[in-house]
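For the record, the sequence lines run as chains C and V.
Residue 16 in our numbering sits at position 16 of the first sequence, and the numbers go up by one each step.
Residue 430 in our numbering sits at position 430 of the second sequence, and the numbers go up by one each step.
By construction, these hints were calculated from the structure, which means they are not laboratory data.
Treat the numbers as computed from the prediction; the structure is a model and nothing was measured.
Careful: at least some of the hints might be erroneous.
What the hints assert, rightly or not - Ranges between beta-carbon positions, derived for each pair:
#	chain 1	residue 1	chain 2	residue 2	range
1	C	126	V	62	39 to 45 Å
2	V	623	C	44	40 to 46 Å
3	V	238	C	126	44 to 50 Å
Every residue, glycine too, gets a C-beta built ideally from N, C-alpha and C.
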Amino acid sequence: MTQPAFELVDADTQDADWFGLWAPAAPGPVSFSVGAEAEAAPPADTMVWRANLPADPAQAAGQLEAGEARLRATQSALNRAPNQIESFVARAQAQSAAGVSFSIGGDEAFTDQESELLYLLEEARTGQPPAVSFSVGEAAPESMRQASGHFKAAIDRLTRIISNFAWVETSVEGQLLARTVIDWTGDTNTLAQAELNARQAAHHRRTVALSVASRGLYLNTFVIVTQGALKLAPLLTTPGSAVLALPIAWKSVSQVLAEIGKYRALASQSEEN
Amino acid sequence: MSEELLYINGINAETGDYALPPLSAEQIAKVARGEQLDDDLKKDLQNRYNSSLSGSHYGLEAGRDPSKLDESGWGVIFPASPDAQYAAIREALSPLLDLRRKQAGPYYKEYFGPPLGVRPNETKNKFLERLGMGPGPANPEKVPYYLLIVGDPETIPYSFQFQLDVQYAVGRIHFDTVEEYANYARSVVEAETRPLKLARKATFFGVVNPDDPATNLSAENLVAPLADSLAAEQKSWTFDKVMKEAATKAKLSQVLGAEAPSLLFTASHGMEFPRGHAKQEPYTGALLCQDWPGPRKGKGQPVNEDKFFHAGDLGSDSNLLGMLAFLFACYGAGSPRYDDFYRQAAKERAEVAPKAFLSKLPRRMLGLPKGGALAVVGHVERAWGYSFIWGRAGKQLTVFESTFKNLFDGYPIGYALEPFNERYAELASEITSAIDNEIYEGPRPAQEMAGLWTANNDARNYVIIGDPAVRLNVAGEGDAAAARTAIPEITSAAKAGSAAPATATSVVSAGGGAGPSRAFSSEAPGTSEASAVNYGFLGFGDNKEGGQTLGGALKEFVDKLGKFLSDALDDAATLEVATYTSDNIEGVKYEKGEFTGPIKLRALTAIKIDGDTKICVPVKDDEVDLSLWSIHTEAVKQAQTSRAELVRAAISAVSGLTNLGNK
Chain C
1 MTQPAFELVD ADTQDADWFG LWAPAAPGPV SFSVGAEAEA APPADTMVWR
51 ANLPADPAQA AGQLEAGEAR LRATQSALNR APNQIESFVA RAQAQSAAGV
101 SFSIGGDEAF TDQESELLYL LEEARTGQPP AVSFSVGEAA PESMRQASGH
151 FKAAIDRLTR IISNFAWVET SVEGQLLART VIDWTGDTNT LAQAELNARQ
201 AAHHRRTVAL SVASRGLYLN TFVIVTQGAL KLAPLLTTPG SAVLALPIAW
251 KSVSQVLAEI GKYRALASQS EEN
Chain V
1 MSEELLYING INAETGDYAL PPLSAEQIAK VARGEQLDDD LKKDLQNRYN
51 SSLSGSHYGL EAGRDPSKLD ESGWGVIFPA SPDAQYAAIR EALSPLLDLR
101 RKQAGPYYKE YFGPPLGVRP NETKNKFLER LGMGPGPANP EKVPYYLLIV
151 GDPETIPYSF QFQLDVQYAV GRIHFDTVEE YANYARSVVE AETRPLKLAR
201 KATFFGVVNP DDPATNLSAE NLVAPLADSL AAEQKSWTFD KVMKEAATKA
251 KLSQVLGAEA PSLLFTASHG MEFPRGHAKQ EPYTGALLCQ DWPGPRKGKG
301 QPVNEDKFFH AGDLGSDSNL LGMLAFLFAC YGAGSPRYDD FYRQAAKERA
351 EVAPKAFLSK LPRRMLGLPK GGALAVVGHV ERAWGYSFIW GRAGKQLTVF
401 ESTFKNLFDG YPIGYALEPF NERYAELASE ITSAIDNEIY EGPRPAQEMA
451 GLWTANNDAR NYVIIGDPAV RLNVAGEGDA AAARTAIPEI TSAAKAGSAA
501 PATATSVVSA GGGAGPSRAF SSEAPGTSEA SAVNYGFLGF GDNKEGGQTL
551 GGALKEFVDK LGKFLSDALD DAATLEVATY TSDNIEGVKY EKGEFTGPIK
601 LRALTAIKID GDTKICVPVK DDEVDLSLWS IHTEAVKQAQ TSRAELVRAA
651 ISAVSGLTNL GNK
């Protein structure tokens with residue numbers, strides 16, 4: 001079985017990485033046998049960011065380049081998210097000003113994804129799921145309760161990320177080249193194979209950079225979600241609406257991230273073809 | 001009253017005696033001579049006093065009208081704590097904050113959360129400095145003139161409030177439950193937006209306990225003459241004097257009943273209890289009524305609840321909506337943790353309470369579920385009878401009269417109380433100068449020093465419990481008054497399921513009624529009796545299933561983020577990057593923040609914030625190992641960049657959350 005190029009070990013969840021770059025991986029097995037050689041293992045709860053690179057240096061570099069490109073694309077898409085939410089809010093407000101309650105489904109002014117947001121907004125406003133009929137086989141839209149659950153899971157992961165230092169490993173064909181432990185204040189300990197060459201060193205440096213960039217992007221994503229919630233708040237008109245809008249903003253940002261994932265998947269398919 | 005002895009308005013509930021024995025002028029003068037004002041505060045007071053001599057302003061920048069919030073500004077100050085309870089409190093206060101935002105326009109400010117709130121042990125000057133404001137009159141372009149502190153006096157100390165109050169109009173609220181915050185906010189909004197047209201009625205309540213010089217003094221020289229003087233000027237008002245034998249607890253209950261006045265003034269002893277006494281927190285500052293037989297007959301007998309009016313005497317049906325009250329009594333507004341008097345006298349701090357607190361009675365008056373008073377002016381610590389008598393000049397009512405006149409003229413209470421601040425500035429300047437001059441001119445008469453000191457403390461310790469921008473809400477002159485309305489009741493979600501009250505960290509939900517419906521319950525949609533919308537946002541603990549709520553998850557995240565930033569700042573002085581090699585990399589362990597086992601430390605860089613850098617260079621065959629050196633230098637570069645970026649991202653996240661809380 002091919003190992004994913006980039007893996008993230010998070011002991012508390014098997015959820016995928018927000019950016020679709022780091023595949024979920026299970027923590028390594030724990031040995032209880034007496035006298036067994038204790039392998040180097042990260043402390044419990046530590047998140048491990050691991051790059052599994054091919055032996056061919058050019059392929060390895062290409063794999064790292066793909067990861068870096070993915071993060072750049074994600075950052076770029078996230079930067080556009082607040083404007084997308086703003087546009088959505090303007091259209092929803094225009095509709096509301098026309099005396100119509102948030103129209104859910106069948107309105108060309110909104111995409112399907114935006115209709116899902118309208119559904120949540122209506123539920124948040126009224127306290128009741130909107131009365132919308134669904135065709136057989138069509139999944140019911142996500143409820144506020146579910147959206148809140150998803151947002152909570154996101155916050156939990158973020159909390160774990162900022163609570164622990166990063167343990168970054170670069171392996172080639174299953175053989176560990178180097179390991180770096182970075183705490184949140186930037187103090188860094190790197191352990192490398194004695195005979196690491198310059199190219200391998202560069203690969204590890206890029207892996208570390210990817211993990212650090214990912215951690216930063218997690219926090220930036222949260223910032224964008226809070227900005228989105230502030231933009232959505234006027235649609236709710238209830239006290240504390242900005243806080244109430246957080247799961248809806250998270251839903252919107254998740255949609256953006258999912259679109260990036262789809263695009264990257266299509267792009268890699270066409271490259272293969 | 002004896003010429004030589006000073007009486008203080010506080011009665012010890014355990015002994016039925018004066019909380020502090022009458023003191024001679026000599027004793028107090030000794031205390032006064034030990035007075036050491038903080039240098040910054042001394043400058044502020046002197047500036048304030050000098051400005052007042054020119055008659056140019058009352059704390060606010062010249063040319064701005066203190067009766068208009070869009071000129072004078074309004075702000076709310078929270079503690080810098082990231083504690084999620086403040087988000088819930090802010091949420092509960094949102095109707096009031098929204099109203100003030102509309103009224104103050106560009107001069108509306110919220111100082112909320114770690115970036116803007118008051119930090120632990122922060123002085124008023126440090127706080128203002130962070131906001132770009134130095135000492136001097138309030139400039140609403142930078143900091144509004146009206147400032148409402150939200151929080152208990154342990155978190156934001158009284159000293160901060162006193163200092164800020166020299167130039168600004170400051171009030172404070174602190175309640176035990178989120179529900180009370182919501183009640184208070186709705187009371188102010190209801191009073192100002194309906195608007196209320198209460199009868200122009202003021203009640204002056206003056207207790208005179210038998211054989212008691214203190215209350216005799218206050219009734220004769222403060223309550224009665226003040227009521228008469230104001231009545232002579234304010235013809236459109238009705239002034240009820242409830243004095244002496246009439247001033248019983250039953251009568252006060254009646255005064256605060258269905259026909260409660262729009263303005264109440266009381267002068268009496270305030271209750272005082274030993275440190276940590278079970279009744280200290282609920283009853284300190286409660287108003288001792290005529291029912292107490294006085295210090296001679298009452299000596300040695302505990303003073304029970306039937307003799308003083310306390311928070312518990314205001315039932316859930318009480319409605320004081322729109323009232324402004326002035327309670328002249330020891331501890332009427334609250335208690336500090338340490339006794340200021342003994343600090344001066346004995347040069348050591350005596351703890352009078354396990355923690356500083358606001359008295360329960362004014363808090364209850366403001367947080368009533370049917371409608372609360374808008375503000376209560378009271379005294380922190382002991383109130384001194386000496387402050388309205390000035391030596392041979394006799395009674396001095398100008399400060400009180402000016403304050404009430406300001407209120408009758410429609411000014412907000414924060415501005416109306418400025419004569420007290422002026423007096424404090426004048427007295428503080430004078431006592432400082434008197435003490436300084438004694439070095440050259442010899443000691444001043446004890447009576448004079450005692451008078452200055454007590455009057456100074458007395459003027460300083462008047463505080464507003466409530467929003468400093470509230471004002472009288474009465475019918476126009478000649479207009480018919482309207483009956484007091486009740487605010488829509490807020491029911492506690494906690495009450496529905498248990499007898500426990502909703503604490504400031506628990507949640508409340510709103511029933512029906514006019515005004516915006518509120519939704520604070522942690523129940524799932526459809527399961528709440530109040531059919532409130534909620535998704536656990538303000539549930540900061542665990543939910544019924546034992547899992548953490550979203551609010552709890554957010555709180556934990558904020559706490560961790562705060563810890564990270566704190567650690568990052570603490571550790572910002574150094575950055576260490578170490579590079580090791582190993583022939584058996586799988587055999588290396590990581591313990592206590594270090595690699596251990598078959599390793600060699602090959603390179604180390606330690607950078608200090610002042611630029612001092614220590615580098616250990618890897619060597620191989622007596623030459624620098626360039627390959628490893630390249631790995632190491634890249635790691636150093638990366639560590640520096642990533643630390644800066646992550647701190648920036650964390651600050652953005654905190655700032656994003658703060659903005660959310662402000663919305």
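For each hint, the structure was consulted:
Separation of residue 126 of chain C from residue 62 of chain V is about 51 Å and departs from the stated range, judged on CB atoms against 39 to 45 Å. Between residue 623 of chain V and residue 44 of chain C the Cβ separation comes to about 42 Å, which falls inside the hinted range of 40 to 46 Å. At about 48 Å, the beta-carbon gap between residue 238 of chain V and residue 126 of chain C stays in the expected band of 44 to 50 Å.
In this structure, the one hint that does not hold is number 1.
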